[in-house]
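K.L.:
Could you put together the complete structure from these sequences and hints?
Read off the chains here:
2 protein chains.
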Amino acid sequence: MSRTERTRPQVVIVGAGFGGLAAAKGLAAAPVDITLIDRQNHHLFQPLLYQVATAGLSPAEIAWPIRHLVRQQRNTRVLMGEVTGVDPVRKVVMLGDGPVAYDWLVLATGVTHGYFGHDEWAADAPGLKDLDDATGIRRRLLLAFERAEMASSPDLCARLLTIAIVGGGPTGVEMAGAVAELARRALARDFREIDPRKTRVLLLEAGPRLLPGFPEQLSRYTAQALDRLGVEVRLGKAVTRCNADGIALGDEVIEAGTIIWAAGVKASPAARWLGVTGDRAGRVPVGPDLRPRGHDDIYVIGDTAVLLDKPAPGTAPVAKQQGAYVARVIETRIGGKDEPPPFIYRDRGLLATIGRKAAVIAYKRIQLKGRLAWWLWGAAHIYFLVNLRNRVIVMTQWLWSYLVFERGARLITGLKRQ
Amino acid sequence: MSRTERTRPQVVIVGAGFGGLAAAKGLAAAPVDITLIDRQNHHLFQPLLYQVATAGLSPAEIAWPIRHLVRQQRNTRVLMGEVTGVDPVRKVVMLGDGPVAYDWLVLATGVTHGYFGHDEWAADAPGLKDLDDATGIRRRLLLAFERAEMASSPDLCARLLTIAIVGGGPTGVEMAGAVAELARRALARDFREIDPRKTRVLLLEAGPRLLPGFPEQLSRYTAQALDRLGVEVRLGKAVTRCNADGIALGDEVIEAGTIIWAAGVKASPAARWLGVTGDRAGRVPVGPDLRPRGHDDIYVIGDTAVLLDKPAPGTAPVAKQQGAYVARVIETRIGGKDEPPPFIYRDRGLLATIGRKAAVIAYKRIQLKGRLAWWLWGAAHIYFLVNLRNRVIVMTQWLWSYLVFERGARLITGLKRQ
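Top line first, the protein sequences correspond to chains A and B.
Numbering-wise (my numbering), the first sequence opens with residue -10 and increments by one.
Numbering-wise (my numbering), the second sequence opens with residue -10 and increments by one.
To be clear, the hints were calculated from the coordinates, so they are not data collected in a lab.
Since the list gives no way to pick out one identical chain from another, each pair is judged satisfied if it fits inside one copy or across any two copies.
No more than 20 Å apart at the CA atoms, straight line, and that leaves these computed lysine to any residue pairs for SDA-like: (1) Lys14 / Arg181; (2) Lys14 / Arg60; (3) Lys405 / Gly103; (4) Lys405 / Gly85.
P.N.:
In structure tokens:
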């Protein structure tokens, strides 16, 4: 595969999300050759993906070419391709045409959404993991209003203007709030036959409360804030069917023209590649130094892994810290030094936004909600965007939307290939 | 179709490009009901579409929802759908489920690219007319470099790094310049195995010179400026075959991994709808008041029409002026006033950009080229963008690219549905 001679230790990193990129950056000055592999050509700022799906931001505002991010790092090459397996005996990763050899392997392949064994729901209830998912959901949402405007019967119109979001974690909460604001504010006066403000937005969570990872008080606030935005929150009932007509919760049938799936994470096939047994969500169990049992030269980080002793939340700060940690560990081991200390997660807090001037933050013993939390949420997300250009543009988009209630990317695209 | 009672004269406008939108806006205060129909939900600023195809701008930066543009105009409704025909006897337009009745009809459906009878070339030589075309070409261009980086043989690599653009009009010239700058500047240092600066960019024109609508002196300058950017300009030979391996010009075969089609316009099916004979490009011949012979209540404008006496160029200013003109004419005729004077095009000049600090402008007897023309071109395009938000964002993108030679939207999307 490579046309260059390689004699230094080979580090292969699969996945250029928060974890994989942090690992690569952490090894920038190390005496190794790094191969960073991803299916996509871009690193994605996933925390804002829901804003692409709801027409607030453009894809390029939250994504950046991976090879551009590591262009200065001469010990790193980037390959765009799909990994199909790992051979720990030969120490190679299987990639498209051929194998890529490693001395050290970092798996940071992330998660995708799972349908609890009902993959047939995927066509009518798409999830949100990459940019194509986001522009696809955007197309469905905006087309629902276009079709309702031309609907021949009130029943059809009502079904088209019902949007159900499944899953009450951060993604579901953020989607529900953003969809409600899209309908009630940005689209409110753009139609003649329908009133988009009458759109029915449902958020369905099988568990007893929203945002289960957060303190209970913030869950209650979130439900109230969504209620004020006109979102119907339904707790404690699992979805039993999804199709083009709507959703079933046991006996109850809800007619809905658009369903968005934000429940059930399912890890990438890393566990299968390694021949280890994953946890219920398919994640790879790892020890305190992020290695799965029986694999001395393989690290698994971010959402792909589950720490046996002390599970960490599936967030960007965890992935980043784990990426930086394995970079340090690999450098230490190459240098023949002592065994490094175990990975310890330094809490960076949990954030979720609900809508205009409403967000929740849980940081150690501090709980914040409402307006201040919302401004902090916005500042943190701008700060963590990948470069200055994106910061300026996202700030412009947000400021504009804040002032005039418009959305910057109300485009229906991909119709021809639907 | 409509659930509202309508008693005022019904004006139906098909197509919300520069012409159709100008017609709708011109009738904002007229005592009529307007139905504006488009296949897309957005008005597109087509002059900058090539920048989306070459990763400089994002789709939402040059497109805006049609219904948002006319939201204040209470006499106008917008329908998103595909018109399949016109019945001039019943005075209806056929749209999806049902007919839409008109008293006055404006056809502003634009052009698409034609393959001179070789529609089988379309799959390997895509053209550039809408946002999906642009993101599709962007995917092909960026994937060519990704595949070249992993290519197993120098021959394959050379073919992948050959990009042929067919057609030497403004779109072809702008694409060729932008592709050359993408390869030689923005991508230059992002790869390890290949040198993107060695990319071969060809611009193929069957006629004797580039930009045939411009003065000859500017055509010569354009060829020289492209040569300086490293574009091989080939004149006087028509393409005789396109496929996945490349292009043939008679006996000569050029291996090319990417082909972009910027030749041969083909008008929309408006001529067929009206039962009139189109010109060679399929455009509808119209008289001095923009009506086709035998149709008193139908106007055809923009690229869809060809003025019999005095053909005008296929540009945005022509379409805009014709849209404004038919709005005035319809209002006059409804008021029962005298016949309006014929349409006269007020020359707004011709502009084309070649690359950084190189553009050409022909305005009446003035010819401009080089740096000044480039700055004027940029200012004019920012000015004509549809609103302040887009102006701010496009200016930010351009300023950034100008300073650091980066491109703001280097995303490969739509892979899953390829």
